[in-house]
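Protein chains: 2
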Amino acid sequence: MSKNNIEKLFKPVVGEDNVMTSETDRYAYSYDAAVLDGEMPAIVVRPENSETLGEVVKLCNDNGLPLTVRGGGTNLSGGTIPKPGGVVVLTNSMTKILEINEEDLYAVVEPGVVTAQLAAQVASSGLFYPPDPGSQTVSTIGGNVAENAGGLRGLKYGVTKDYVMGLEFFDTGGNLVKAGGKTVKCVTGLNLSGLMVGSEGTLGVFNKIILKLIPPPQAAKSMLAIFDSVKAASEAVAAIIAGKILPATLEMMDNFTIRTVENFRRAGLPTDAAALLLIEVDGHPAQVADDAARVETICRENDARELRVASDQHERNAIWQARRDALPALAKLKPTCVLEDATVPRSKIPAMIEALELISKKYQLTIGTFGHAGDGNLHPTILTDKRDKKEWEKVENAIDEIFDCALGLDGTLSGEHGIGMAKAKFMVREVGKASLDYATRIKAAVDPKNILNPEKMVRRNNG
Amino acid sequence: MSKNNIEKLFKPVVGEDNVMTSETDRYAYSYDAAVLDGEMPAIVVRPENSETLGEVVKLCNDNGLPLTVRGGGTNLSGGTIPKPGGVVVLTNSMTKILEINEEDLYAVVEPGVVTAQLAAQVASSGLFYPPDPGSQTVSTIGGNVAENAGGLRGLKYGVTKDYVMGLEFFDTGGNLVKAGGKTVKCVTGLNLSGLMVGSEGTLGVFNKIILKLIPPPQAAKSMLAIFDSVKAASEAVAAIIAGKILPATLEMMDNFTIRTVENFRRAGLPTDAAALLLIEVDGHPAQVADDAARVETICRENDARELRVASDQHERNAIWQARRDALPALAKLKPTCVLEDATVPRSKIPAMIEALELISKKYQLTIGTFGHAGDGNLHPTILTDKRDKKEWEKVENAIDEIFDCALGLDGTLSGEHGIGMAKAKFMVREVGKASLDYATRIKAAVDPKNILNPEKMVRRNNG
Numbered sequence: 001m002s003k004n005n006i007e008k009l010f011k012p013v014v015g016e017d018n019v020m021t022s023e024t025d026r027y028a029y030s031y032d033a034a035v036l037d038g039e040m041p042a043i044v045v046r047p048e049n050s051e052t053l054g055e056v057v058k059l060c061n062d063n064g065l066p067l068t069v070r071g072g073g074t075n076l077s078g079g080t081i082p083k084p085g086g087v088v089v090l091t092n093s094m095t096k097i098l099e100i101n102e103e104d105l106y107a108v109v110e111p112g113v114v115t116a117q118l119a120a121q122v123a124s125s126g127l128f129y130p131p132d133p134g135s136q137t138v139s140t141i142g143g144n145v146a147e148n149a150g151g152l153r154g155l156k157y158g159v160t161k162d163y164v165m166g167l168e169f170f171d172t173g174g175n176l177v178k179a180g181g182k183t184v185k186c187v188t189g190l191n192l193s194g195l196m197v198g199s200e201g202t203l204g205v206f207n208k209i210i211l212k213l214i215p216p217p218q219a220a221k222s223m224l225a226i227f228d229s230v231k232a233a234s235e236a237v238a239a240i241i242a243g244k245i246l247p248a249t250l251e252m253m254d255n256f257t258i259r260t261v262e263n264f265r266r267a268g269l270p271t272d273a274a275a276l277l278l279i280e281v282d283g284h285p286a287q288v289a290d291d292a293a294r295v296e297t298i299c300r301e302n303d304a305r306e307l308r309v310a311s312d313q314h315e316r317n318a319i320w321q322a323r324r325d326a327l328p329a330l331a332k333l334k335p336t337c338v339l340e341d342a343t344v345p346r347s348k349i350p351a352m353i354e355a356l357e358l359i360s361k362k363y364q365l366t367i368g369t370f371g372h373a374g375d376g377n378l379h380p381t382i383l384t385d386k387r388d389k390k391e392w393e394k395v396e397n398a399i400d401e402i403f404d405c406a407l408g409l410d411g412t413l414s415g416e417h418g419i420g421m422a423k424a425k426f427m428v429r430e431v432g433k434a435s436l437d438y439a440t441r442i443k444a445a446v447d448p449k450n451i452l453n454p455e456k457m458v459r460r461n462n463g
Numbered sequence: 001m002s003k004n005n006i007e008k009l010f011k012p013v014v015g016e017d018n019v020m021t022s023e024t025d026r027y028a029y030s031y032d033a034a035v036l037d038g039e040m041p042a043i044v045v046r047p048e049n050s051e052t053l054g055e056v057v058k059l060c061n062d063n064g065l066p067l068t069v070r071g072g073g074t075n076l077s078g079g080t081i082p083k084p085g086g087v088v089v090l091t092n093s094m095t096k097i098l099e100i101n102e103e104d105l106y107a108v109v110e111p112g113v114v115t116a117q118l119a120a121q122v123a124s125s126g127l128f129y130p131p132d133p134g135s136q137t138v139s140t141i142g143g144n145v146a147e148n149a150g151g152l153r154g155l156k157y158g159v160t161k162d163y164v165m166g167l168e169f170f171d172t173g174g175n176l177v178k179a180g181g182k183t184v185k186c187v188t189g190l191n192l193s194g195l196m197v198g199s200e201g202t203l204g205v206f207n208k209i210i211l212k213l214i215p216p217p218q219a220a221k222s223m224l225a226i227f228d229s230v231k232a233a234s235e236a237v238a239a240i241i242a243g244k245i246l247p248a249t250l251e252m253m254d255n256f257t258i259r260t261v262e263n264f265r266r267a268g269l270p271t272d273a274a275a276l277l278l279i280e281v282d283g284h285p286a287q288v289a290d291d292a293a294r295v296e297t298i299c300r301e302n303d304a305r306e307l308r309v310a311s312d313q314h315e316r317n318a319i320w321q322a323r324r325d326a327l328p329a330l331a332k333l334k335p336t337c338v339l340e341d342a343t344v345p346r347s348k349i350p351a352m353i354e355a356l357e358l359i360s361k362k363y364q365l366t367i368g369t370f371g372h373a374g375d376g377n378l379h380p381t382i383l384t385d386k387r388d389k390k391e392w393e394k395v396e397n398a399i400d401e402i403f404d405c406a407l408g409l410d411g412t413l414s415g416e417h418g419i420g421m422a423k424a425k426f427m428v429r430e431v432g433k434a435s436l437d438y439a440t441r442i443k444a445a446v447d448p449k450n451i452l453n454p455e456k457m458v459r460r461n462n463g
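Going down the list, the protein sequences come from chains A and B. The opening position of the first sequence corresponds to residue 1 in full-length UniProt numbering, with each subsequent residue numbered one higher. The opening position of the second sequence corresponds to residue 1 in full-length UniProt numbering, with each subsequent residue numbered one higher.
In case anyone wonders, no lab produced these hints; they're calculated from the structure. There's no promise every hint is true.
Any copy will do: because identical chains look the same in the list, a pair fits if it lies in one copy or spans two.
What the hints assert, rightly or not - In silico BS3-like cross-links for lysine-lysine, where the CA-CA straight-line distance does not exceed 27 Å: (1) LYS361 - LYS394; (2) LYS212 - LYS96; (3) LYS332 - LYS386; (4) LYS433 - LYS449; (5) LYS212 - LYS244; (6) LYS244 - LYS96; (7) LYS58 - LYS8; (8) LYS332 - LYS361.
Whole structure, please, built from the sequences with the hints as guidance.
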């Protein structure tokens, strides 16, 4: 379809001001946070309300135009890279928090609400929305639901999936489909909201989302445990979980990451340490005291050389600032930063760490490893330059080996970053052909023209 | 297909001993716990392992034979009533607990494992599997997953859906489909395990299920709060939740139920009370003490005339025995006992209770109301005799009004009993046509011959 025609199609629906077709605009929405080449869409549109959103979906379907919904664009697997010549649908004019219900513990939001803004609003109502993906200050709830976003609190509080009580989405015909609801228990109809979580925009376009809220923990305590060996640190992680303690967060940083973070912002991290654990326990004050004491004992039993316990909010913030610095600090070192998220059962963390060290040596690559050790979701981060073709080949081989290693340890290709375009071809190794076929049949049934974020995760020709 | 031919089809696969075709056997598997007429299957088969199970599914599909999987047969919505002339597949030879992993907090089980047996086994490993449907001593995990079973602990701990990390199921071709896994975080592929939970056997046949386990609470305290008005009791429920306390269980019983239970087993319940709340708080001992004190205060503020706190395990058991007695005691009163489970957001419990009283008066029906007040999931239980056609008509009208009332209060047709055959025709009122159409497209895509538990929940011709 010509540029003129495509503009004519959408302008009457979303209005002149909500259509972008300049090369600059289209370029700006051609890529996301994944290390993948972008693709130029034909048009970028910004519906301002439900009705218009539904009409946009129908227009795309009627005209066979591939549609990619974009929230914060923080996707790490290419899930928001459009199809060449396709339509990018922005949700940043649908940002209303429609309801925060303190009696029934839920929130109803539009898809474009920024995660951290919702969390803050919920907190000001005396409640708690736990999912905290690293990109929460810019990511949107719609994107979080589409990707089943995780975060630091996955271990104790679960991930986005665990908080979606219901949602409304548009099918390709622009009809509004309702699933789930405002009750904790609801078994009316297929669990379509469960299916939509993590479907990466391939099965429908979200209109509203109902999220479960919980009472916040009354107290919290943060600790930094310093280790002289990565093995000891990773064994301490396994021992904490096996000790039936579920910290709110249980994060790890290897020596390379520690040094990089300390270079980035002098925070007094021990640059000679082999590994750090950053731990927060929360709950009733008495439980926090007990758990903190037990965590400390377990860390010492596993050869922690030092434990630093935050004595006030300032020290607590310093610990978590260091953790939040990990990715930006690493990303500054080299032109290309490949943030992996292959995930293993938590007890396999020591084996995974060991494998990562071997892979790093074998391919002579710089890999900084940090992440959510408590739920087995590490982020080995490969620092490289994609323009260096020879090294990039090594990076691709290393990633391939990381995947095989995670799968060999009963783990998964992706804990929280999604499959998107980046990992679609690897999926068959984990789930097998029958599973891909089953998903493809669903995709074909609900999106016969293949217009909903095509080529992401569920492909027509899998395997 | 003739009886002879159908026997010949299955005997070589499952073995002579695992095929039942006598009228008595077929009759025994023709009905379930729903107040619905049964349907005679042509054959009942009992596969003894995965391989055979897959072959049975393929055989049914190849021969166009409708297939209904049956666990404990405790279904309250007709979900295990077979199609006339169809195949009942029993899971009671697939009862292995394959793994309880204490380090990584999961269990892997076959579908025929009895819920309470799994819970006991998990407890003996020092862990906790919270979902506790009323039928747990006979219900199976496969059935629980198919129905997304709830239970008393839904309020704090969630329902079956919240514990399914992954599963394997056979598609109609007898291919094994894998979904999810053993990691807390997993976003590889569509969330097919989410879709399968609560799909009532319409989309696949479970082979293995991976369940999340959690550390058990360290302490618990049970209480009985006695009220002179149902309104006061239901307002106390709403006030407890609004007070940001999440009891492990928060149950209610009305006067009719109290008297019936006391008649059934002399337990010292106050037969003159308008309503009882049965409450258990759990967690760290200090939290239990705090929460119990606050619950007591809130109950008194809402005009509880008396609070009895269990001082030992014996008294605690007595409280929960009374709750467990509710259904069997009510069921003894009349030939037919219709156990409803329309569910509302918790703050709407007072309004729902009021509506139930009006409906009971309007149709001059005996309705005992008890259930999971804390999560809005009441069980109004209509005592009647289905053979009395005139009264049965009133019952049907009353049920219709209960549904409308729950939906009017932002609730759902079914909190935990399922849609099955009993409520399929009412679904459109709650989810609308677009949602039914979407589900129907999925069903048709993965089960083109409509052999997987046909006519349950997802119908070919909805609405």
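**Study point:** Homomeric proximity label, LYS212 with LYS96: Cα distance no greater than 27 Å
**Key:** within (17 Å within a copy, 34 Å between copies)
Check your understanding: Is it within, between, both or neither when you check LYS361 against LYS394 at 27 Å Cα-Cα?
Key -> within (11 Å within a copy, 77 Å between copies)
Exercise for review: Evaluate LYS332 and LYS361 at a C-alpha cut-off of 27 Å and name the case that applies: within, between, both or neither.
Suggested key: Answer is within: at 22 Å inside a copy they meet the 27 Å cutoff, but 73 Å across does not.
**Study point:** Within, between, both or neither, where LYS212 and LYS244 count as close if Cα-Cα is 27 Å or less
**Key:** Close inside one copy (25 Å) and across copies (14 Å); limit 27 Å.
Check your understanding: When no copy is specified for LYS58 and LYS8, does a C-alpha distance of 27 Å or less occur within a copy, between copies, both, or neither?
Key -> Result: close within a single copy only, 15 Å intra versus 51 Å inter.
Review point. 27 Å Cα cut-off: does LYS244 pair with LYS96 within a copy, between copies, both or neither?
Key: Result: close only across copies, 25 Å inter versus 40 Å intra.
**Study point:** Homo-oligomer pair classification [LYS386, LYS332; C-alpha up to 27 Å]
**Key:** Only inside one copy: LYS332 and LYS386 sit 14 Å apart there, 74 Å across copies, limit 27 Å.
Review point. How would you classify LYS433 and LYS449 at a CA-CA limit of 27 Å: within, between, both, or neither?
Key: both (23 Å within a copy, 21 Å between copies)
Hint compliance for this structure: no hint is broken.
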